[in-house]
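Student: Each chain, written out:
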Amino acid sequence: MKKRYKSTILSCLIWGSGQFFFCKQRLKGLLFFAMQAVLVSIELNTGYWINYFAGQIANFKIRLYGGFFTRGIWGLITLGEVPGAKGDHSARLMIGGLIALLVLFIFLAVYVGNILDAYKCGKAMENALATANTKQSRSKQIKKKYPYMILFPVAVLLLFITAMPILFSVLVAFTNYDSNHIPPNTLLDWIGFQNFARVFNSPIWTKTFFLVLRWTIVWTICATFTSYFAGLLQALILHSPHVKHKALFRSIYILPWAIPGMISLMVFKNVLNEQFGPLNQFLLDIGLISTRIPFLTDSVLAKISILAVNLWISWPMFFVMLTGVLSNQDPTLYEAARIDGAGKSQVLLKIKLPLLMHATAPLIVMNLSFNFTAFGTIYFLTGGQPTEPSYQFAAGSTDILISWIYKLTIQQRMYSMASVMSILLFIFIAAVSYWNFKRTTSFKEV
Amino acid sequence: MKKKLEWFFIHLELIVVALLVLVPIAWIIISSFNRGNSLASSTFVPEYLTVDNYIRLFRETNYGLWFFNTLQVAVVNTIVSVFIIMITAWIMSRFQFKGKKASLMFMLLISMFPSFLSMTAIYILFFTFGLMNKPLALVFIYSAGAVPYNVWLVKGYLDGISSEIDEAAYIDGCSYFQSFLKITLPLSKPIITYCAVSQFMVPWMDYILPNILLTGDRNKTLAVGLFSMISGKENSNFTMFAAGAVLIAVPITILFILFQKFLVQGIAAGANKG
Numbered sequence: 001m002k003k004r005y006k007s008t009i010l011s012c013l014i015w016g017s018g019q020f021f022f023c024k025q026r027l028k029g030l031l032f033f034a035m036q037a038v039l040v041s042i043e044l045n046t047g048y049w050i051n052y053f054a055g056q057i058a059n060f061k062i063r064l065y066g067g068f069f070t071r072g073i074w075g076l077i078t079l080g081e082v083p084g085a086k087g088d089h090s091a092r093l094m095i096g097g098l099i100a101l102l103v104l105f106i107f108l109a110v111y112v113g114n115i116l117d118a119y120k121c122g123k124a125m126e127n128a129l130a131t132a133n134t135k136q137s138r139s140k141q142i143k144k145k146y147p148y149m150i151l152f153p154v155a156v157l158l159l160f161i162t163a164m165p166i167l168f169s170v171l172v173a174f175t176n177y178d179s180n181h182i183p184p185n186t187l188l189d190w191i192g193f194q195n196f197a198r199v200f201n202s203p204i205w206t207k208t209f210f211l212v213l214r215w216t217i218v219w220t221i222c223a224t225f226t227s228y229f230a231g232l233l234q235a236l237i238l239h240s241p242h243v244k245h246k247a248l249f250r251s252i253y254i255l256p257w258a259i260p261g262m263i264s265l266m267v268f269k270n271v272l273n274e275q276f277g278p279l280n281q282f283l284l285d286i287g288l289i290s291t292r293i294p295f296l297t298d299s300v301l302a303k304i305s306i307l308a309v310n311l312w313i314s315w316p317m318f319f320v321m322l323t324g325v326l327s328n329q330d331p332t333l334y335e336a337a338r339i340d341g342a343g344k345s346q347v348l349l350k351i352k353l354p355l356l357m358h359a360t361a362p363l364i365v366m367n368l369s370f371n372f373t374a375f376g377t378i379y380f381l382t383g384g385q386p387t388e389p390s391y392q393f394a395a396g397s398t399d400i401l402i403s404w405i406y407k408l409t410i411q412q413r414m415y416s417m418a419s420v421m422s423i424l425l426f427i428f429i430a431a432v433s434y435w436n437f438k439r440t441t442s443f444k445e446v
Numbered sequence: 001m002k003k004k005l006e007w008f009f010i011h012l013e014l015i016v017v018a019l020l021v022l023v024p025i026a027w028i029i030i031s032s033f034n035r036g037n038s039l040a041s042s043t044f045v046p047e048y049l050t051v052d053n054y055i056r057l058f059r060e061t062n063y064g065l066w067f068f069n070t071l072q073v074a075v076v077n078t079i080v081s082v083f084i085i086m087i088t089a090w091i092m093s094r095f096q097f098k099g100k101k102a103s104l105m106f107m108l109l110i111s112m113f114p115s116f117l118s119m120t121a122i123y124i125l126f127f128t129f130g131l132m133n134k135p136l137a138l139v140f141i142y143s144a145g146a147v148p149y150n151v152w153l154v155k156g157y158l159d160g161i162s163s164e165i166d167e168a169a170y171i172d173g174c175s176y177f178q179s180f181l182k183i184t185l186p187l188s189k190p191i192i193t194y195c196a197v198s199q200f201m202v203p204w205m206d207y208i209l210p211n212i213l214l215t216g217d218r219n220k221t222l223a224v225g226l227f228s229m230i231s232g233k234e235n236s237n238f239t240m241f242a243a244g245a246v247l248i249a250v251p252i253t254i255l256f257i258l259f260q261k262f263l264v265q266g267i268a269a270g271a272n273k274g
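Listed in order, the protein sequences are those of chains A and B.
So that you can map any letter, position 39 of the first sequence is 39 in the working numbering, and since no number is skipped, the others follow by simple counting.
So that you can map any letter, position 244 of the second sequence is 244 in the working numbering, and since no number is skipped, the others follow by simple counting.
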């Protein structure tokens with residue numbers, strides 16, 4: 001039999017043995033073997049397999065005697081078997097199972113790498129190329145391995161802190177995790193697509209969902225474009241040659257952007273307070289109104305107030321970016337147009353604006369996706385209030401999807417439905433981002 | 001005449017907008033020096049000014065602790081995040097390896113998922129590993145959350161720097177990591193500044209995660225502590241809140257204005273990268 005097959009088969013059974021015995025790569029072989037040893041010892045140390053094989057356990061159950069991996073996978077599949085029993089906490093079993101799967105996944109990658117490597121080095125031995133283990137080929141090998149060595153810890157961090165929780169919340173959407181099923185007293189069950197079906201089939205869910213979605217979309221579009229055009233207008237006005245103290249105005253206008261947004265939102269929540277807020281008091285004092293205006297407690301006014309506050313906070317960003325674009329523009333372009341007989345307004349509408357829009361289009365898209373999930377703006381100003389009878393499940397008339405999801409989780413403990421909403425929201429964002437991203441060049445350069 | 005009128009209206013508009021910007025800011029600053037506790041009692045033209053609210057802020061609440069907690073998280077988060085971002089982006093930009101495209105796409109995908117949607121899992125994870133009530137543990141989430149988007153951003157920046165210098169350094173006997181430290185990092189100061197400043201600001205602004213992960217009053221971050229002062233119905237702590245808000249907004253605003261140039265560049269680059 002050829003060396004490459006021998007080496008491969010041996011490495012399939014005992015990791016690194018092909019490299020060790022056939023390829024004279026002792027250290028590498030030992031490292032692969034150490035990985036296998038770690039994998040097996042984790043399972044053996046956390047479980048009772050040895051006792052089982054010694055015949056000490058008559059009635060073997062993975063639930064009680066399984067190791068880290070087998071018990072993890074058992075937990076993920078069954079979500080626990082005995083309600084209220086210690087260790088049968090469904091949500092934790094799910095997380096434990098996911099972690100076990102991810103760790104297994106990493107080991108699997110090492111295993112596959114081990115087999116491929118065994119094949120390769122066996123082949124190299126046949127061709128007697130391994131003797132040419134010169135300095136150059138070694139440095140080349142380092143260059144190949146280097147990225148993996150550095151990225152490994154980063155990948156672990158991302159997998160466990162970012163990807164694992166996302167996977168968990170996706171999985172929760174397929175369970176009955178809600179206020180009636182709270183582990184550890186009750187077990188969770190897999191219920192397939194029932195939750196998704198509820199959003200579209202059950203009238204109260206459907207109605208609330210589409211009401212919230214409608215305002216989310218209206219909010220996203222209005223919030224972005226009001227800020228954009230306010231910034232544009234102000235940039236154009238400040239850019240006019242009549243203005244002398246440009247720097248002064250500029251440094252005033254930038255303030256709302258520089259102040260932490262959260263602080264501004266909390267302040268405006270008080271400014272707009274119906275009973276005690278200074279704005280109502282001021283309007284009363286100058287005699288403009290006779291009764292106090294419910295800025296944040298009337299469902300229509302609240303929406304307008306939110307948009308107005310958002311305008312105050314976010315127009316300076318567009319203002320600064322557009323000022324930058326304006327001052328970088330080539331003035332000869334406009335002169336040429338003027339010589340050709342274009343009026344002032346024609347230059348503005350036909351040349352200046354389209355150029356500006358083109359330069360800042362990506363910024364608009366970015367802001368759209370930001371506003372789509374602008375939790376803070378809603379939460380700090382109104383908390384989604386006021387409530388209305390047509391809205392169910394704690395949703396208020398100013399709630400956008402993300403703030404509603406927060407309420408479903410924290411107040412209503414409808415974890416599974418919150419997950420369904422999260423997935424729908426994610427699909428929305430992902431679609432828009434993907435479309436936006438595909439147009440850009442950085443995608444093609446990867 | 002027409003010119004003068006135009007001049008007048010332009011300046012009128014500019015001044016009105018400036019007032020709209022300044023009045024709320026002035027109001028909150030004045031409120032913080034107001035006597036009395038409540039929102040209703042804080043007037044625009046107070047008869048007395050006092051620093052009582054600032055003193056009470058430190059005597060009666062854990063403001064000092066909150067500030068220290070947040071500062072601690074901010075500093076550690078900045079260092080950890082910037083290091084991870086830079087080294088990952090450097091690898092992604094300078095090396096060719098199998099699975100590179102897949103990992104970049106993977107990062108892009110998870111960067112689209114708002115991190116707080118997975119709060120239930122993070123809660124359980126923190127609970128299981130005993131990380132609840134430890135402000136510094138937030139760094140795990142912040143840094144892991146910052147990696148995907150910023151790696152894309154920095155990778156784009158590094159792609160724009162010629163790699164010939166690196167090659168020359170390798171020939172001169174420089175190791176990979178040395179070239180990263182001595183060549184790549186100094187050349188990417190603007191983008192490092194952007195990442196550092198934006199990561200430094202995250203803990204001051206974030207509310208949700210600290211709100212569910214840090215329960216004791218002494219462990220809170222500033223955002224959570226401040227909001228707790230005004231989330232009650234009576235707004236009885238309003239002037240104290242105002243003092244707290246001013247005290248935090250001033251340094252952050254100054255920081256922002258100092259690094260404005262880098263932030264603008266970073267945002268422009270981010271928008272163009274998607």
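Hints are computed from structural coordinates only; laboratory data are not their basis.
Hints should not be assumed to be uniformly reliable.
[Stated by the list, open to error] Chain B stretches covered by chain A per the calculated footprint, using a threshold of three residues with CB under 8 Å from any CB of chain A: (1) 118-127; (2) 193-201; (3) 248-262.
Predicted, not measured: the structure shown is a model, and the values here were computed from it.
Positions of the beta carbon are idealized from the N, C-alpha and C atoms, including for glycine.
Student: Against each hint, give a clear statement of whether it holds in the structure.
Tutor: The hints, checked one at a time:
Chain A is given as covering the stretch 118-127 of chain B, and this holds because 7 residues of the stretch bring a CB closer than 8 Å to a CB of that chain, at least three being needed. With 1 residues bearing a CB less than 8 Å from a CB of chain A, the stretch 193-201 of chain B misses the requirement of three and the coverage assertion fails. Counting residues of the stretch 248-262 of chain B whose C-beta lies closer than 8 Å to any C-beta of chain A gives 7; at least three are required, and the coverage claim holds.
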